[in-house]
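Asker: Note that the protein sequences, when read in sequence, are chains S and G. Residue 420 in our numbering is what sits at position 420 of the first sequence, and the numbering runs on without skipping anything. Residue 1160 in our numbering is what sits at position 160 of the second sequence, and the numbering runs on without skipping anything.
Possibly wrong hints are sitting among the right ones.
Unchecked claim - No farther apart than 20 Å at their CA atoms in a straight line, the calculated lysine to aspartate or glutamate pairs in the EDC-like style are these:
#1 S/Lys273 x G/Asp1024
#2 S/Lys75 x G/Glu1134
#3 S/Lys188 x S/Glu215
#4 S/Lys356 x S/Glu371
#5 S/Lys313 x G/Glu1134
#6 G/Lys1098 x S/Asp138
#7 S/Lys188 x S/Glu234
#8 S/Lys74 x G/Asp1141
#9 S/Lys356 x G/Glu1164
#10 S/Lys394 x G/Asp1191
#11 S/Lys186 x S/Asp209
#12 G/Lys1098 x S/Glu27
#13 S/Lys394 x G/Asp1141
#14 S/Lys313 x G/Asp1141
#15 S/Lys5 x S/Glu27
#16 S/Lys5 x S/Glu70
These aren't lab readings, by the way, just hints derived from the structure by calculation.
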Amino acid sequence: MIELKDVSFRYEGAKEQAVRHVSLTIERGECMVLTGLSGCGKTTITRLINGLIPDFYPGELSGSIFIDGEDIAKKQPHELSSMVGSVFQNPRTQFFNTDTDSELVFGMENSGVAYAEMHRRYDQTVRELQLHKLCGRDIFALSGGEKQSIAFGSIYALSPEIYLLDEPSANLDRQAIRRLRDTLLKLKTMGKTILISEHRLYYLRGVADRAALVEQGKITEIHPWETLEGCTDETLHQKGLRSIRDTTVELSEPPLPAQTPVLAIRSLAVARKKNVIFDHVDLTVSEGEIVGITEPNGFGKTTLARIVCGLMKEKSGSVLLNGVPARASLRKRSTFLVMQDPNYQLFSDSVEHELKLTIHREAPQDATITEVLRDMDLEEMRERHPLSLSGGQKQRLCIALAALSPARLLIFDEPTSGLDYRNMQRVAGMIHKLADDKRAVLVISHDNEFLNMACTRIISLAR
Amino acid sequence: MKLDVRCKFLILIAISVIAFSTKDVFYGSLVFSLVCLLTFLLGQGRKTVKYIITYLVLVAFILLAKHVPTFLRGMILMIVLCIRMCMPIALYGQTFMKTTPVSEMVTGLYALHIPRGFVITFAVAMRFFPTAKEEFGHIRDAMTLRGINLSVANVLRRPALVFEGLMTPLLVRSFTIAEELSAASITRGLDNPAPRTAFVRLHVTMLDIAITILFVAALFGVLWLRENGWGWWVD
Chain S
1 MIELKDVSFR
11 YEGAKEQAVR
21 HVSLTIERGE
31 CMVLTGLSGC
41 GKTTITRLIN
51 GLIPDFYPGE
61 LSGSIFIDGE
71 DIAKKQPHEL
81 SSMVGSVFQN
91 PRTQFFNTDT
101 DSELVFGMEN
111 SGVAYAEMHR
121 RYDQTVRELQ
131 LHKLCGRDIF
141 ALSGGEKQSI
151 AFGSIYALSP
161 EIYLLDEPSA
171 NLDRQAIRRL
181 RDTLLKLKTM
191 GKTILISEHR
201 LYYLRGVADR
211 AALVEQGKIT
221 EIHPWETLEG
231 CTDETLHQKG
241 LRSIRDTTVE
251 LSEPPLPAQT
261 PVLAIRSLAV
271 ARKKNVIFDH
281 VDLTVSEGEI
291 VGITEPNGFG
301 KTTLARIVCG
311 LMKEKSGSVL
321 LNGVPARASL
331 RKRSTFLVMQ
341 DPNYQLFSDS
351 VEHELKLTIH
361 REAPQDATIT
371 EVLRDMDLEE
381 MRERHPLSLS
391 GGQKQRLCIA
401 LAALSPARLL
411 IFDEPTSGLD
421 YRNMQRVAGM
431 IHKLADDKRA
441 VLVISHDNEF
451 LNMACTRIIS
461 LAR
Chain G
1001 MKLDVRCKFL
1011 ILIAISVIAF
1021 STKDVFYGSL
1031 VFSLVCLLTF
1041 LLGQGRKTVK
1051 YIITYLVLVA
1061 FILLAKHVPT
1071 FLRGMILMIV
1081 LCIRMCMPIA
1091 LYGQTFMKTT
1101 PVSEMVTGLY
1111 ALHIPRGFVI
1121 TFAVAMRFFP
1131 TAKEEFGHIR
1141 DAMTLRGINL
1151 SVANVLRRPA
1161 LVFEGLMTPL
1171 LVRSFTIAEE
1181 LSAASITRGL
1191 DNPAPRTAFV
1201 RLHVTMLDIA
1211 ITILFVAALF
1221 GVLWLRENGW
1231 GWWVD
C-alpha cells in the first residue's frame, strides 16, 4: 500500500538530512508504528507520505514514494488528501472551523462531495465514531480529547485508505487514549492501512502489527509486534523506548507530617461563572515530597494548578503555605509553575539572560547559574537563544527557572507531553533533585509511567 | 425569525453606509431604532435592550453637555458621536455573528461569488479571535508567574520587559499555530481547485426578500428625509 524506496530528505536551511536512505513497505490493512527518540525523523517520514514534503516543507528530496503503486511525486497535495488522512499531534491547531459540524464536513466540502452524499457520510461518521454528544458544539469549548475525536471524524468522513497519525496521544488523557485505541481497532477491522508515529506504546498493544525503530533519520530495526512483547522493559528503555505495557499507579494516603507541610489545601471549592469545577478538595504536600495527581478527564487538573499558583481565586476553602493561610497574591510570589507548553514561559534573548531575568529579587550569581545549567544538561546552551532549543531542552530550561526561583512549592503541569523515554527519565531525575533541595513538588499528569517514575506519592482527588 | 445569510450581508452593507451618513441625533436615532427592531426580530432581545439603555445614556450625555464648559463640551460630544454612530453597526454585527454559524457565512460568501482567497481569509479571521483569546490567557499566566503581570505599574516601570514577555511568546505561538493549521488544512484538501460543495443549503424565501427590501428601503428613506426636508424637526 505504501512503499518508500531509498528516500532521503533534508529540510531547507538544515545542515543535516532529516531522513537518510529510508526504505519501507507497509501492506494494505497493516498497522505500523514508528518510534524512536524526539527528533529522530519519524514525523518527517509521515510528512513524506501525506505530501506535506516537499510542497509545504520544502527541501532536498531524493528517492521515490509509492501509494497503491502510484508515484506520489506526480500528485498534488489535494489529490493525496482523499487517499491519505492525517491526524496531528496538537488537537488545538488542527481544526479550521469554529463549530464541530463544519469541521466534520470540512474535508468533504473541499473535495466537492455532493450534498446528499455529504449528509449521508456525516450521519455515518457521527454514528460509527459515536460523536453525537459533540455535534453542533463550539470547538473551542471542547477538551483536547474531544477535539482529537472531531479531527478524526473529519478524516473518517473522507474515508481514505490510509491513516497517518503523528503522535496522536501526546496531548490526550488516559480516557481519550482509550477512545483513540477503540477508533484504531475499528479502522483495522475496516481494512484500513495505518501508520503511527508515537512515543507512548502501551495503547497500541493489540492494534499494531509491526514496529519500526527510527534512529538519526534511519530505520534501524523493524520487528513484528510479538517480538516487542518478548522484550523486557529494560531492553526497550535502553533503546529510549517507553514501555509497551500499561502501568497502573498505586494511590497512597499521606503520611503524618513530621513538620508543617509546605502546601495544605482544606476543603477547596472552585467555580467558574457559577459552574462548580470541583469542591471538597484536601491536599497536603510536605518538604521533600513529590506528589503526583492523577485524575480522570474533566476534573480540572490545570485549574487546580492555577489556583495553587494564585492565577485564579478559590470560591471557598483555604490554601495554606508553610502553615499560613495564603491569598492569591502571596501564592503568586511563593510558588512556581512549569507550564505544559514551555513556549509561553521563555522570552529572553539567551539562556543566561532568561535565568537572570528576575523582578522581585536579585538575579542569581553566575556560579549558581552554571551549576543549575550543568544539572539540567544545558551547559553548552548558555549563549543560545531559548527559542532555538529543542522541545526537551526548552522544557529543561523552564525547570532550571523553577530551580532558581525562591519558591518552595513547585508545580509541574503535564511535563511529559511529547517526551520520549530518555527525556522523561531526565525530567523525573530533575524533579527528584528539586525535592531533595528542601522543596515540595506537585506533579499533575495522566501519564502513569511517568508518575511512577517521578513521584514519592500518588493521589487522586476525585471521589 | 430567520433570515438568509446573503440578505444579512446586504443589510450589513446598507447599515454601514447609512449609519455613517446620519450623524445628527434625530436621524441617527431613527436608524438605530430601525436596527433595534431588526435585531429584536432576529431573536436578540436581551442584547437589543442593553444597547438601547446604553444609547439612552449617551443621549443623556448630549443633554448634559450643555451645562459643562465649552472646551469639555466639544470633547464629550465628539466621543459620544463616535460611539453613537458605531452602535447600530456593532449591534447588528454582533447579532449577525450570534445568529449565523461561520460555515453558513462561508457558504453565503461563496454563493455571492466572492473569490475563494477572500473567503478563506475571512474564515481564518473568524477562527483567529477565539484562538487569540486562548493564547493571550496562557501568556498572561506565564507573565504573572515571572512577576511581570500586565499591571499599570509594570507597564510604566518596565515597559520593555512587559512588551518582550508579551510579544515573544505571542509571535512564536502565532507562527506555530499558523504552520500547524495550514498543514492540517492542506491535508484536508483546502487547496483543491475543484468546485466546493456545501453542507448547509441556503434558501431564500419570499419573506426574506420582502423583509430585506423593506428594511433597506426604510434605511434609505431616513437618508432621503434627512436630505429633503423635515429638517426643522431638529434644532
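Asker: None of the hints should be skipped; say for each whether it holds.
Answerer: Here is how each hint holds up against the structure:
{"no.": "1", "hint": "S/Lys273 x G/Asp1024", "verdict": "violated, 40 Å"}
{"no.": "2", "hint": "S/Lys75 x G/Glu1134", "verdict": "violated, 37 Å"}
{"no.": "3", "hint": "S/Lys188 x S/Glu215", "verdict": "violated, 27 Å"}
{"no.": "4", "hint": "S/Lys356 x S/Glu371", "verdict": "holds, 14 Å"}
{"no.": "5", "hint": "S/Lys313 x G/Glu1134", "verdict": "holds, 19 Å"}
{"no.": "6", "hint": "G/Lys1098 x S/Asp138", "verdict": "holds, 12 Å"}
{"no.": "7", "hint": "S/Lys188 x S/Glu234", "verdict": "violated, 30 Å"}
{"no.": "8", "hint": "S/Lys74 x G/Asp1141", "verdict": "violated, 47 Å"}
{"no.": "9", "hint": "S/Lys356 x G/Glu1164", "verdict": "holds, 15 Å"}
{"no.": "10", "hint": "S/Lys394 x G/Asp1191", "verdict": "violated, 34 Å"}
{"no.": "11", "hint": "S/Lys186 x S/Asp209", "verdict": "holds, 15 Å"}
{"no.": "12", "hint": "G/Lys1098 x S/Glu27", "verdict": "violated, 49 Å"}
{"no.": "13", "hint": "S/Lys394 x G/Asp1141", "verdict": "holds, 18 Å"}
{"no.": "14", "hint": "S/Lys313 x G/Asp1141", "verdict": "holds, 13 Å"}
{"no.": "15", "hint": "S/Lys5 x S/Glu27", "verdict": "holds, 14 Å"}
{"no.": "16", "hint": "S/Lys5 x S/Glu70", "verdict": "holds, 13 Å"}
Of the numbered hints given earlier, the model fails hints 1, 2, 3, 7, 8, 10, 12; all others are met.
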